[in-house]
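*Asks:* Given only the sequences and the hints, what does the whole structure look like? Please build it.
In case you want the letters, here they are:
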Amino acid sequence: MDQYLRDLLKVVGIGGAFALLPALAALAGLSPPWPPAIGGVSALLILVFSLIVWEWVRKSRTSHRRAWILVALVLTLAGLLGYLILYSLFIEPVPGTDERAIRGFTCTPDALKVHKEACPDLPREALEDAEWESLKLWTRQSVTLVRLGLAFSWLVFTAGLIATVGAILAGRRLKAPAANPAD
Amino acid sequence: MGMGQQATALALAASLLAACSADTPTTDPASDTSEPQAAPAETATAGPWPADYAAMRTAAAGWAADEVATEAQAAARYEGPPPEDFDLFSCALPDPELAETDPRTRQLAELAHRSVLMEARLKAAGYSPDIWGEPLETLEVQALKLLSGDVPAWGAPGYDVLEEGLNGLQAQAAATMELRRQTLQPEQPRIINEGGCGAFETPFLVRADPPGGRIWLTTRFTFQTCQALGKSAWDTAQCRWTEVQPDRPMELSGTYMVQARWPDGRTLRSSQRFQPDPSLGEDESVPVTIRPG
Chain A
1 MDQYLRDLLK
11 VVGIGGAFAL
21 LPALAALAGL
31 SPPWPPAIGG
41 VSALLILVFS
51 LIVWEWVRKS
61 RTSHRRAWIL
71 VALVLTLAGL
81 LGYLILYSLF
91 IEPVPGTDER
101 AIRGFTCTPD
111 ALKVHKEACP
121 DLPREALEDA
131 EWESLKLWTR
141 QSVTLVRLGL
151 AFSWLVFTAG
161 LIATVGAILA
171 GRRLKAPAAN
181 PAD
Chain B
1 MGMGQQATAL
11 ALAASLLAAC
21 SADTPTTDPA
31 SDTSEPQAAP
41 AETATAGPWP
51 ADYAAMRTAA
61 AGWAADEVAT
71 EAQAAARYEG
81 PPPEDFDLFS
91 CALPDPELAE
101 TDPRTRQLAE
111 LAHRSVLMEA
121 RLKAAGYSPD
131 IWGEPLETLE
141 VQALKLLSGD
151 VPAWGAPGYD
161 VLEEGLNGLQ
171 AQAAATMELR
181 RQTLQPEQPR
191 IINEGGCGAF
201 ETPFLVRADP
211 PGGRIWLTTR
221 FTFQTCQALG
231 KSAWDTAQCR
241 WTEVQPDRPM
251 ELSGTYMVQA
261 RWPDGRTLRS
271 SQRFQPDPSL
281 GEDESVPVTI
291 RPG
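Chains as they are written, first to last, in my numbering: chain A, 1 to 183; chain B, 1 to 293.
Honestly, the hints are just simulated from the structure, not real lab data.
What you are looking at is a predicted structure, and each value in this text was computed from that prediction instead of being measured.
Incorrect hints may appear among the rest.
Result set (BS3-like, lysine-lysine): computed pairs, CA atoms no more than 27 Å apart in a straight line [claimed, not checked]:
#: 1; chain 1: B; residue 1: K231; chain 2: A; residue 2: K116
#: 2; chain 1: A; residue 1: K10; chain 2: A; residue 2: K59
#: 3; chain 1: B; residue 1: K231; chain 2: A; residue 2: K113
Interface residues of chain B toward chain A, partial, derived using beta-carbon atoms under 7 Å [as the list claims (entries may be wrong)]:
#: 4; residue: V161
#: 5; residue: F221
#: 6; residue: A228
#: 7; residue: R248
#: 8; residue: E251
#: 9; residue: S253
We put the beta carbon where it would ideally sit given N, CA and C, even for glycine.
*Replies:* Take a look at the structure:
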């Protein structure tokens with residue numbers, strides 16, 4: 001039982017430490033600009049994932065744990081790659097503020113009239129001319145899909161990260177078994 | 001965003017969920033797809049409101065009437081095709097003195113101003129109270145629930161969540177109104193909640209120098225759209241221009257086309273970039289002076 005609590009505390013502690021990641025990332029301006037509470041959602045997701053990984057992996061065979069680690073690592077890298085690609089393509093920082101505008105990929109009828117063949121890859125000046133209001137230039141549907149893509153890839157990245165670390169640590173003991181022969 | 005800020009955001013999200021799921025005496029606009037019910041015209045949004053909120057609504061009536069009159073004047077000058085939609089979202093700003101009050105009072109007063117303005121604009125546009133009465137009251141009841149807890153200041157942690165919640169309520173109200181309009185007044189323009197007054201705006205105090213000049217602004221995108229439609233884009237009657245009200249801050253961001261006229265005949269036509277000044281406080285207006293060309 002002691003070992004059980006120690007393991008639980010260990011994984012929750014690690015999860016809690018990693019829950020700080022979204023906070024640090026938000027400070028660095030890395031987390032997605034939408035939805036507004038993405039930092040809190042990420043922190044919750046990380047805590048939940050740390051418990052799930054602990055529950056499923058703590059008594060697994062080494063080969064099983066390694067499979068978990070591999071899958072989680074692939075998720076982390078895929079999430080990060082997807083997020084960085086989407087971020088580079090669709091995020092535009094607003095000068096003089098900490099805000100970021102999210103682009104879309106289908107122009108509105110008005111934007112098509114003005115920018116014609118430049119659509120949908122409009123220059124930064126187009127956003128500035130439209131009060132940084134993405135929905136004037138791109139359809140709501142396309143902007144929403146980009147928002148969801150950014151949020152999803154970010155959450156895949158954070159979940160994959162904690163799953164990787166959790167799977168590496170969950171099966172290891174803090175003390176040698178001899179210290180707790182009953183376990 | 002620090003952990004404390006995240007906790008605040010989470011608490012707000014939880015209160016938002018609680019507010020949305022709580023039993024209310026009114027209909028949930030999102031699920032209201034039933035036939036419109038007969039709503040008493042004069043009592044549709046008459047409350048019962050808390051005393052302080054009722055007083056704010058009363059105080060906002062004059063401001064809303066002025067806004068509707070200004071909107072009507074602009075519509076009368078406009079010579080283009082009639083609008084296809086009625087946007088419930090208005091870019092009109094409540095009294096700038098509200099900025100000096102505490103966050104909760106400010107939010108309550110803004111809600112009162114916006115609600116009274118929505119009611120006045122819907123009335124002026126000829127929509128039946130059967131369409132807007134109950135959805136508007138539901139919006140206010142649920143918004144008051146949202147504002148019954150701690151209210152973060154503008155830009156503080158959790159403010160975005162609150163703002164998103166309030167905007168969501170307005171979008172739901174517009175959707176319900178539109179459903180009712182389709183049955184009750186299909187000939188009237190569609191009711192939408194598009195918004196689009198600009199993102200991440202900063203208050204600018206635009207003044208003419210010498211004083212007495214009249215200034216009009218439009219976004220460069222609106223100007224270009226007007227040109228693309230073959231209209232005379234500098235003509236305030238043909239394209240959507242907003243006249244600057246003296247001593248009244250305007251929320252702006254990005255590049256705008258500016259034109260001004262002075263009583264002595266001098267004019268100005270140019271573009272102007274409005275960018276926030278990080279050295280100013282959150283509620284301070286950035287002064288901009290427009291001079292003849």
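*Asks:* Would you mind marking each hint as holding or not holding in the structure?
*Replies:* We went through each hint and held it up to the structure:
Under the criterion of a C-alpha separation no larger than 27 Å, the hint pairing K231 of chain B with K116 of chain A is consistent with the structure, at around 18 Å. Taking the CA atoms of K10 of chain A and K59 of chain A, the gap is about 15 Å. The hint holds against a cut of 27 Å. Using a Cα cut-off of 27 Å, the hinted pair K231 of chain B and K113 of chain A holds, with the two alpha carbons roughly 13 Å apart. Interface restraint check for V161 of chain B: the shortest CB-CB distance to chain A comes to about 5 Å, inside 7 Å, so the restraint holds.
With its C-beta approaching chain A no nearer than about 4 Å, F221 of chain B sits inside the 7 Å limit, and its interface hint holds. The interface hint given for A228 of chain B is met, as the beta carbon of that residue sits about 4 Å from the closest beta carbon of chain A, less than 7 Å. Using the Cβ-Cβ criterion of 7 Å, the hint placing R248 of chain B at the interface with chain A is not satisfied: the shortest such distance is roughly 18 Å. With its C-beta approaching chain A no nearer than about 9 Å, E251 of chain B sits outside the 7 Å limit, and its interface hint is violated.
The restraint placing S253 of chain B at the interface with chain A holds, with a minimum CB-CB distance near 5 Å, inside the 7 Å limit.
Of the numbered hints stated above, those contradicted by the structure are hints 7, 8, listed in ascending order.
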